[in-house]
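**Q** Protein chains in written order, with my numbering: chain A, 63 to 398; chain B, 425 to 815; chain C, 2 to 385.
Please keep in mind that the hints were generated in silico from the structure rather than gathered at the bench.
Check the hints yourself; a few may be wrong.
[As the list claims (entries may be wrong)] List time: in silico DMTMM-like cross-link candidates among lysine to aspartate or glutamate, alpha-carbon distance up to 20 Å: (1) C/121 to C/166; (2) C/29 to A/390; (3) A/285 to C/126; (4) B/620 to B/655; (5) A/297 to C/99.
Here the structure is a predicted model, which is why all the values come from computation and not from measurement.
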Amino acid sequence: MSTEEKAAAAGEGSGAGPVEASTAAQGLNIVARTQGQLVRRRFFRHRGAMISLTILVLVILLAYTSIGFAGIPGWWIWNYSTPGKVINRGAPTLSVWPTFLGGDGFAIGLHPFGQDDLGRDYFALTMRGAQISILIAFVVGIVGTLIGAIIGAMAGFYRGWVESVLMRFTDVMITIPILVIAAVLGQKFGGAGPLVLAIVIGLVLWTALARLIRGEFLSLREKEFVEAARALGAKPTRIIFRHILPNTVGVITVAATLLIASAILLETALSYLGFGVRAPDTSLGLLVSSYQNAFATRPWLFWWPGLFIITIALTVNFIGDGLRDAFDPRQNRVRA
Amino acid sequence: MTVPPTTPPDDVPGGSIYGPAAEQATELFQVYEPSEGAELAPSRRSSVGSVGSVEVLKVENLTVGFPTEDGLVRAVRGVSYTLHEREVLGIVGESGSGKSVSSMAVMGLLPKGARITGNISFRGRNILSMSKQEQRSLRGRKIAMIFQDPMTAMNPVYTVGFQLAEAVLSHEVMPKKAAMARAEEMLGLVGIPQPKERLNSYPHEFSGGMRQRVMIAMAVINNPDVIIADEPTTALDVTVQAQILEKLIEVKDAFNAAIVLITHDLGVVAGMAHRTLVMYAGRPVELGNTEDVFYSPRMPYTAGLLGSIPSAGDTGRLRPITGAPPSLINLPDGCPFSPRCPLVTDVCRTVEPELAPTDAPDHLGACHHWDRLAAAPDPTAFFRTESEARR
Amino acid sequence: MSAPTVPSPPSYEHLLDVHDLVMEFPVKGGGIFRKVVGKVQAVSGVTMHLDAGETLGVVGESGCGKSTTGRAILQLHKPTSGSVKLRGAELTTMSNEDLRAVRRNLQIVFQDPYASLNPKMPVNDIIGEALKIHGLWEQDGLDRVAGLLKLVGLSPEHGNRYPHEFSGGQRQRIGIARALALEPEVLILDEPVSALDVSVQAGVVNLLEDLQDTLGLAYFFIAHDLSIVRHISDRIAVMYLGKIVETGSRDAVYGDPKHPYTVALLSAAPEADPHSERSRERIMLTGDVPSPLNPPSGCRFRTRCWKAQDLCAAEEPPPIDHGGGHLVACHFPVTDISAETASAAIHAAKLGSSSPESPAAAASRETAAAAARDSGGGLSGGEG
């Protein structure tokens, strides 16, 4: 006897009937909103995050379209590697101070960010630096998240000796100073290009994420819906990928975003110290380091890349905050 | 507001959980307590104590709203009650009824965004119009609260003695030793053995029942006039619950305090409360002496609630209340219970009934058709489900 | 649906047969390697059985091991020792493959309607997962899920909604539908209505009863609410600190309880009846349930029992049949409830923790507490 026949025989059994239909009539607002939609709504309401998102997108667009990338040309007249004649000590030609306040009015001029020692356009250089820094940051974010998620998930789910080994390994990685290990790796691989450098940095920055995800797995695996899946006979892979992992997306997203923010700063520090990106390529950190001595005499060589470092790091952080608030439904909870 | 005399009744409606043999035994039996002397009382718990005449707490038309992204959640919509010395008021309701929120409003524990209107008077003085300073001096001293989960209500990193002493010292200036001595006295009063040693224990070193006793001690240590107990025994085992409730009554009488007992457990209210207030969708729907409310409900929700509990004699199908409580953001017009009410008529759907006296001046009900309930021999029968009617 | 593919011996006495089930959990110490420093026995030798179509109500307070027993039967925890037989086949020694097949016949409904459903999966997937795992989805999976939703009183149109859009009672119905997807014969119900509002509980209990009538299910009904258990059960088992203290038919246990703990439990349960509540005598047990880490010797209930004597500390009482399958594990079973209530009150007065504090009582309380401390092994009325 199929379940439908049994249902008919039972005569709707409980007498509860189509509850949902009556609840709609009562004015209940059971709107079919998925959790993803709720999260998105909360995120879009977070002003700091939205402003930061806009700025970051603009910066990325500016960086990649202005001077072009990977063979695709950009719209800016200069490129970042051609030396030229140094005009007016390489001072920036950008002016924004309006005339009625005593300035020169708004003008972009030939070299809005100025020129470096070799007469290269500094705007193009800064944009190139931003491209590389952003690329490295995102690749580090992806690599670090992947490694951290896998290690954390396995440790949190399997417990036992698997967890002990993985977590002790993680502890060891944590105790080694990041800068030192990144410097050593950067020394060896820095010359191989920014992509390799990024992967290498990702190999060191995953530890916080691993711990976080292990914690999530530890708590989620005790949840009743996981027990229910086991009671149904689900295999471990199914439980990990279809039950636990989807419930950690919020935490992972936030952590990954913050990882990207710290990657930017790490890359800056490494390149500043000389262990990161090398010439002829450039990054924001390298720019800041190359011209640190010019801080007093030609401040624009220092401030433009610095401004972009700060902007990118801040906006990514704010976006991370906004995501964290959006995923955490505990705000505005009302007790019945 | 006196409690009716409690001689053992000839007919015990609903039957006791023991079954027929034990029912007779209960009626014949008497307790002998050597420490109390030779006089016998039918039951140590027969009277929940007499009620004083002084009015301690008066709540008038309390409303609480929480602004949220989806709109204003009207969690409490017009609660009014008075409380006298040594009186126990049981507030009963299910989730979403607003019972906890209304008491949090009395204690002043609601979050900043909450919008509160109405009057809450303590011994004649309006709490809501007091300064923050004055409110703080009342809270914890004259009006105390016992929470549901003692583990989270106490600070795990401080000893119990420290927390008790802190409760005293935040309202009175006295030497620390004196505060500790009072703490020890309280622990003894609530029945914790070896109180002097237990002063140095941490909350996690107590079992659930003991922790709740410590909570009671913390609530009464400053001689409160009103104790608000929010689901004090929900998290406890049934045998421990009985002890705690008994202790609560003793403590209330010892300190002349009144108790507001919030719970969803009708059995607890039946045994403990002089008066019962039933809440639904943020509003009180019935208020009266406990016996009146239980034996002669004047609001269909109360009848439905009472009828949905399995009783010893009746082995037929249970009688649930179909449907679910309404959203507190989009309240429909008329009586909020109308979609689920078997006595519903058109007027119910358009006009929300006031909480008004029914057949007795102190028994209030919010229903247009309370007279039909009064006329029926078994009010819970209105909720008989279709399948049951078929049989 | 064909019968589950578990090879079963030609005959068996009970559908579900549990014998001497023991469930121990290791207590891990601190340190780098977290060695096992001790064991706690959550279930200490439980023997019970369940027949087709009947409901066994298992009651007890926290720490009694009823939930752990349910999970151990299901092999969600691997039992430390003992036997669990479903249709005569031994589950504790089965391979994972065979166990997966058995799971089609033995399912569980959880207590918390908010935590037992994956918040990220729509309802159709939640119920259908059972079918997918066992390769039954292909044929007519979606139809079967729709049928199950109707069976539990929900509308199939709401199948693609998420759990948070349903009320507590509805979620519990979804949990029941999930458990029924594989058409089991035995359902373990771990406090299925405790987390629901009172008026909603009745609806779910009615549903469970109807399902039992039409599908012929056997229920292992774990609960602490004595009135619900009395309503739905055919037989009752009362557990205390990992052991079963009394088993019998519903009428026997509620009408003629013989173990002191059962008597106290029934006495303590509140009834929604003011007259009876205020006039009846309560047996007040003193103190709290002892910790399972260090259970009392002999009879585990003796530290709170007013009838305890030396024999109780020395020897653990075996379950004795008092007629008609009414098993009681007590050296001095109760025969006259009213007399017991009197002795219980006197006992409580002596220990002093539930009588008003008159000066004489206070003094006697101190000495009594000291004496109880010395003789009772420190576990009377104050276990931290």
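**Q** Each hint should be assessed against the structure and marked as holding or not.
**A** Now the hints, each set against the structure:
With a CA separation close to 12 Å, the supplied pair residue 121 of chain C and residue 166 of chain C stays within the 20 Å bound. Proposed proximity of residue 29 of chain C and residue 390 of chain A is contradicted: the alpha carbons are some 33 Å apart, above 20 Å. For a cut-off of 20 Å, the pair hint linking residue 285 of chain A to residue 126 of chain C stands: about 18 Å separates their Cα positions. This hinted pair does not check out: residue 620 of chain B and residue 655 of chain B have alpha carbons roughly 29 Å apart, beyond 20 Å.
Distance check on the hinted pair: residue 297 of chain A and residue 99 of chain C sit about 14 Å apart at the alpha-carbon level, within 20 Å; holds.
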